[in-house]
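Fit chain P to the known structure of chain E by using the hints.
These protein sequence lines are chains E and P, in that order. The opening position of the first sequence corresponds to residue 1 in UniProt numbering, with each subsequent residue numbered one higher. The opening position of the second sequence corresponds to residue 1 in UniProt numbering, with each subsequent residue numbered one higher.
Quick caveat, the hints were computed from the structure, so don't treat them as lab data. Where hints are given, some of them may not hold.
To be verified - Once the Cα atoms are required to be at most 27 Å apart in a straight line, the calculated BS3-like pairs of lysine-lysine come out as:
#1 K297/E x K130/P
#2 K277/P x K132/E
#3 K166/P x K124/P
#4 K277/P x K266/P
As the list claims (entries may be wrong) - The following residues of chain P were derived to be distant from chain E, with all beta-carbon distances above 12 Å:
#5 V82
#6 T155
#7 N238
The beta carbon of each residue, even a glycine, is placed where N, CA and C say it ideally should be.
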Amino acid sequence: MNLVSLQNQLDNLSFGILFVTMLIYWVGAAFPKIPLLQNLGTTGMAVANLCIAALLSARWIEAGYFPLSNLYESLFFLTWGITAMHLFAETISRSALVGVVTAPVAMLITAFAALKLPDDMQASAPLVPALKSNWLMMHVSVMMLSYATLLVGSVLAIAFLFITRGQEIELRGSSFGGSGYRLTSSLATQTTEPATTAQPMAISSKSDVGNTAVLELPAMSATATLTPQRLSLADTLDNISYRIIGLGFPLLTIGIIAGGVWANEAWGSYWSWDPKETWALIVWLVFAAYLHSRITKGWQGRKPAILASVGFVVVWICYLGVNLLGKGLHSYGWFL
Amino acid sequence: MAIESNVTASGNFWQIPQQWWRKKIVPVIANLKFAIVLVLIIAVLSITGTVIEQGETPGFYQTNYPEHPALFGFLTWKVIQVIGLDHVYRTWWYLGLLVLFGISLMTCTFTTQLPMLKSARKWKFYDNPKFFQRLALSAEIDDRDLTDLTEQLETQKYKIFTEGDKLYARKGLIGKIGPIVVHIGMILTLLGGVWGAMTGFIGQEMIPSGDTFQVKNILDAGPLARNQIPKDWSVKVNRFWIDYTPAGTIDQFYSDLSVVDNSTQKELDRQTIYVNKPLKYQGVYYYQTDWSISGVKIRLNNSPIFRLPMAQIGQGAQNRLWGTWIPTKPDLSEGVSLLAKDLQGTMLVYDTKGQLVSSVRAGNSIEVNGVTLKILELIGGTGLQIKADPGIPIVYLGFGLLMLGVIMSYFSHSQIWAVTKDGKLYLGGRTNRAQVVFERETIELIERLQNAGTGEVTGDVEVPTAVS
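Same shape as in the complex, but just chain P:
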């Protein structure tokens, strides 16, 4: 087998795949057309997940995407499950494309962007008038020298280099650096996402006011997440309450939380959280996401205070209802049902036959079955989402660089060359983004040079008027 390269028989075995990678794969991945097509493919495939419901039960897809008649003639629940259209953004093919995208970004940065920046910094002077004939925005002006030009360029914030009768000026080099910063920001964001998925966890707890808890109900955890889950400390829910607007709609949910050391029982931190303001402790975040009615405190005649748990009735997300059963005889042979729909205070009392006995507010008493039932208070439960994502600092760094980079990339890299030859000033320039504005600036510059000094205009630059 003849290998057409400089790999000798004694050469390193790994040179073959390395060369294959460098010569065959890298040029394809770093190719801009490949990257653009890849980006557009990702965009198109992303649409599927916004049209087909994500993360539902198999039964849902069987009901909504039956085999007869198949949607569009092919989209059945079987197709959805085989391709993974019920969880598009976690399928191997989607994540594979994102990985390919990340690799493409990285190779582009090293094979194209950095060399381009290097060459942009390595500018040179030109002294051949023929060079200026190549530039679109160029002119020759009689009886002017570089000092006239330098003055003009300085007012336009150019960085100017001169050598003898040659001049080079540039501005907006930042616009050449911007795209590199954008790419680094994107790579960091993607890496941070991967790191977070590996080492983070997410959990949910519904905790009654007054209870202390540790995270037990873990919904999702990465393979390296073990160390993130708090073990040495717990969280105590001092109080949960809801503020209502005068119209009766919910204004805000609050939980007063304390971080408690497990061995010493000392309070390490205390914060009141609400939606948009979580508790942060040692990289673990507690977010206010849900609520419930977890119990009720009652007294029968002169009994001690009982605390009874309340359970949610039904599963509807809207019009939620909680209830409990309150015995009114010591042998539990008689009792009433207590129902509540929010923490605002009004509860309904039903007897064993299901008849409405009365409505009652917290703090009030009613007479049922010959005893005085006093409802002292409803105990709220706070629904918390608990989360740790060690990838966040990397992602945020990526975000920061991305924002900085896209702003830097708006600047146009403008360059101007000039040379004096045979009593004439040749000058020309070009820019990479803001063609229209650069043209106007440069033509005005040429005009001012022509009109300055002796007043004898020899060039024939036409005065620009409004385009159109």
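Next up, chain E with everything else stripped away, as it sits in the complex:
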């Protein structure tokens, strides 16, 4: 079997696996009592991740350079990054909910790349002189990984908004300086199963923390033994979204800087306000605003998540939308 037909089978295969994985996660969310489904979902994501890795390796061997030169390759690299970040997010959160939102994103990208993209845009083509550089690997791969990471983080923020819709929410897990303090009202809801229901949660204000009244709440044992207060599902989702975006942000920073240094070494200008560069800066600014909004008093909860959701759209504009402008070195070409 030659490499080209292997690639064609692998791209369809990864689409198929991701589609099934998505369904597994959705069914698993509907029937959370079946632990088998979560394991199946995780396995599906891992297998899809390996399939795409094999696809990209075959490309690498065939073309002789790192496979990130056209839209098809970069879409698969993006999906590889998303599945990898999914596995990371799932591991640290131990929540099957992550896959409910990440699997459809990964599935849709592979569907587009494998089924919708014309054949001539799927074929690998020789690199133009401007891209013949070791910086290509460094800059483009880090940028793509940052897009993947930011997309996973921001789609989790969208999930957070969806789950907490219509609820009044204040989070204990916000990264603002006063975090980590006990929520007085939700002591009552302290259970092993965190509150998914509409529990209005209030962060204890400085004045009433340490109030002994909390010890008289009914959920406490008669001896009022001090026990840890667990994070709620909303808290967990919010924090995992924050941690993933927090990982994507350094990657984005390093990717942009690598591009700047490459441009300076190649053309003598580290910043030239090319549309792609400008949009990368916009993405950076939006997520910088997100990270700072989390440490702003009174803005915790929904506001940062809304900013992260805006970030989800902005990443897509930066990655694909700029191609519609059809200008500059960064264009992948377009077929519409």
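For chain P alone, coordinates are given in the frame of chain E:
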């Protein structure tokens, strides 16, 4: 006029604006909400320059943004020119916002970040059990002491401080320093950009293979750029050539360049440059950016070798074409036109009537108008971009700190307090970023403490299961 402050009549006149600055302006600029809104405004305004074409001629905007019908009802070429939407990133309002952003970064670093770091380093012990009731992740465990806890914390890489029956442990202080490093990196990057714009220059030259040149065609230079432009030395283009792929597309452009001292004519340096690899000499960079066909060497019968210049025909960026006229009679009354589109060797010869006479490759001869025309070689010209940017070291330092800082900022600053009182171990902790992982670690820690030793579990910490 009564001034409500401690400014006395004999006080320094400058105290008034200083106080106004400290009390009214600094709190606004250093305010985080102000900074976030500012960042988002910069982001939104940046979009305009990616949608509206930048740096075109006035005629371009008059054609594409007519007054009737105006785009979206308002976006005419007049609006574009008045607001400066044809050069968004160099307008006073955009640069003004960037300056404001830089000031905001600096004030935030001094008024907020550094004091916060100071207070993070100035931790304290707590011995009142009430303090532990305030923490979300806290527990009381019977019959345990600090040594049990210390062992556990050591395996988790905490830095531990103890005093009598009190304990404080922390890790990830680096995560508190990271944001400061990020801000310093950003300020340096912005300053380096300003310094580069003041002292740098950019020029362009198209030089035939074999010529020596000094930078004359300066496109843009800062007010302090004079000393950067090389005067004592020139650059000689020894050779320019193009490598083609077997399919005929361009593989790479090369220029073999020598730096030559103007007074002694000595060669000071010699490098072959290509796209992605410039010549660097005394802070001036020569980048391979363009090419042309600058001339052709010919011989008529047994004449000496003539070198004729070739000129580009038309202005199209694609399908470029160069041509020259070759006389075939000493009085120049007859001749042919020679056209070439690349350096690969095939040229076309046309007569004065515009009829194609023949095609010829470099090194071959043809018979025209009764003479033997031998084309010896096409001479390539190299298109160089010449640039000096003294701001680069500052910008790169800023870049380095930025990258280091954002990585440091990923770490979560975790703190754990403990105290033994009345035979009970009270412990609690908090972290600023990784809430989920810290919760798991801490609850596992509490469990291990409860289960360790006597095996008599007295606390009632519930075993954490998967969330959801």
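Which numbered hints does this structure break?
When the structure is compared with the hints, none of them turns out to be violated.
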